[in-house]
Amino acid sequence: MESAVDPSRGFMKDVKRVIIKVGTAVVTREEGRLAVGRLGALCEQIKQLNSLGYDIILVSSGAVGIGRQRLRFRKLINSSFADLQKPQLELDGKACAAVGQNSLMALYDTLFTQLDVTSAQLLVTDNDFRDKDFRKQLTETVKSLLALKVIPVFNENDAVSTRKAPYEDSSGIFWDNDSLSALLALELKADLLVLLSDVEGLYSGPPSDPHSKLIYTYNKEKHQNEITFGDKSRVGRGGMTAKVKAAVHAADAGIPVVITSGFAPENIINVLQGQRIGTLFHKDAHEWAQVKEVDTREMAVAARECSRRLQALSSEERKQILLKIADALEANEKIIRIENEADVTAAQEAGYEKSLVARLALKPGKIASLANNMRIIANMEDPIGRVLKRTELSDGLILEKTSSPLGVLLIVFESRPDALVQIASLAIRSGNGLLLKGGKEAKRSNAILHKVIIEAIPDNVGGKLIGLVTSREEIPELLKLDDVIDLVIPRGSNKLVSQIKSSTKIPVLGHADGICHVYVDKSANVEMAKRIVLDAKIDYPAACNAMETLLIHKDLIEKGWLNEIILDLRTEGVILYGGPVASSLLNIPQAHSFHHEYSSLACTVEIVDDVYAAIDHINLYGSAHTDSIVAEDNEVANVFLRQVDSAAVFHNASTRFSDGARFGLGAEVGISTSRIHARGPVGVEGLLTTRWILKGRGQVVDGDRSVVYTHKDLAI
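Just so it is clear: in the sequence shown, position 292 is 306 by the numbering used here, and no numbers are missing.
Bear in mind the hints are in silico, worked out from the structure with no lab data behind them.
Restraint-style ranges between C-beta atoms, simulated for each label pair:
#1 E344 / W302: 35 to 45 Å
#2 N393 / G710: 31 to 41 Å
#3 T359 / N393: 32 to 42 Å
When the alpha-carbon atoms are kept at most 30 Å apart in a straight line, the in silico DSBU-like pairs for lysine-lysine are as follows:
#4 K454 / K509
#5 K259 / K297
#6 K380 / K544
#7 K150 / K30
#8 K348 / K368
#9 K457 / K380
#10 K415 / K709
#11 K297 / K203
#12 K227 / K27
#13 K297 / K236
#14 K227 / K519
#15 K451 / K368
#16 K368 / K544
#17 K227 / K457
#18 K259 / K227
#19 K61 / K163
#20 K61 / K509
#21 K227 / K509
#22 K259 / K108
#23 K478 / K465
#24 K333 / K478
#25 K27 / K203
We put the beta carbon where it would ideally sit given N, CA and C, even for glycine.
Sequences and hints are given; from them, build the entire structure.
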């Protein structure tokens, strides 16, 4: 997911000269060959920054590793079988450097040339920097190159360095390319140093440790004694320890440093845009107000622990929690409305779309409705521990399949604060822990609703059962916690859902679009059809179950009904767009796409030949959400109900009925268009999984010799 802009990185807008150091682990693949794709992406970023007026200086590792790989191959093909039986001596590091430098620079030259950029190679040694004249000339040369828009590419000249061995000797003014890049940042008066690594930044421990946290801003006083370093780089000489040492040195001298991944596309550009990426080192970091970092793992673990305590309660105790929350919502309605009105006003002043503002507002009666739905959920049959199937495996050996909570849910939703209440009620009734992230436009509404809800949760369960995530930057971290979070449910735009699906290994339940259709057949009762079409479009245009496309049987044109419904829709303020047939017939603008969700008073109209054409259209352009047919011919209706491949398919009813509360589920965490687990409006049952409970009398398998299987279904 895209990272948010970090206010503490506002200085990035003034950055002009940037030194980029790319590590060996980024330059090469696992087996030692050049990572041409990664280097190509890097060069494209440098090209873009160069054209934007930045002074870019590159410090590249990798020569020794590349040379070693090439020389090993050369030695192998020139060796006899007898030679291969002898102990293999390690190759001379300086010879490796000489061969590798040639290959590395040749690749940079080729890649930059393809991008119409010129590069220059500058090889330096530790001893060079002892010479004052050398340092002065170096500065002048780099200045000239940058004026000509040439990219200087630096590397330590390991081939002729007097250091004993490139990987062993750490003496001198600089001792690896990390320290070289820090030295160059000082000498060349850089505004920023970016150290590219094979991990996302500096972690509190080894990145492979799931308990390690990415540190976004390094504070020497706080972090230097807390960090545990893992193994050094798989191929380079320094690893993260060397990078941190170089970063601290440069930052202390007044040059900001960011350690970030060289694997992620456009990371350098994102850093320069001020996004919260990687680890920032800055001399003033200790003076910045320390924003309390919420440990996302601790939050998720706490939700799981609280959920287990919730599951241990009796059904009546869980019911009473929901009833208490419902009462608290009504008791606090005034303050909830005040906070919500503040959000709505801020959204209007910020120029948000009307559809978003509509979803944001808690209209009169909404709190009472939410409280009532919560009481309905409280009085439902206890969903936890229900026996779904009983089987006698053998005499005295009984297997039960029972319902069980999923565990911890992460719900990311936009705009609608009422979603927070609905989701919380379903999570509590189903015994699940919950993490909630609402949109910034509903920040105050979400905060007060969360406060009211958790204050009503008893101490023997704990308010951490429901965690409110307040920072957008925490979402990428939460999406990595596939060992703690069991299901992600995004509720919002196509972009939000798509981003989350591509950013996590955790199962995702939801829908990206709500492109709902109403098909009016030639056999339809036309007055009924009018009511259904108007309701499906204008009852709540911003809802995901609102009609976005109206399909009309061609025979209704001659009957005059088409003109009637078009007039009615226009009278209600609906903007109409047409498919190829309807746009020409009705003289309305042609829709740019049939696969479009307006979420407003607008819709697409098209004429179709028959029910089969309508079905084909819906299955091709729809989003598998909710689709409806208006028809008196039951045979036609049944064809539609059977063949439309959507989560909800209706006959003679508005698509607006596709809702958890209207389905009698009490509420919904969302509507799923997935075909695995839950589909359609997801209530309590969609938040459950199953467990197997086996009760015996001391039976053992013993190679199945002592067991006579009966596999008999038993009454529940």
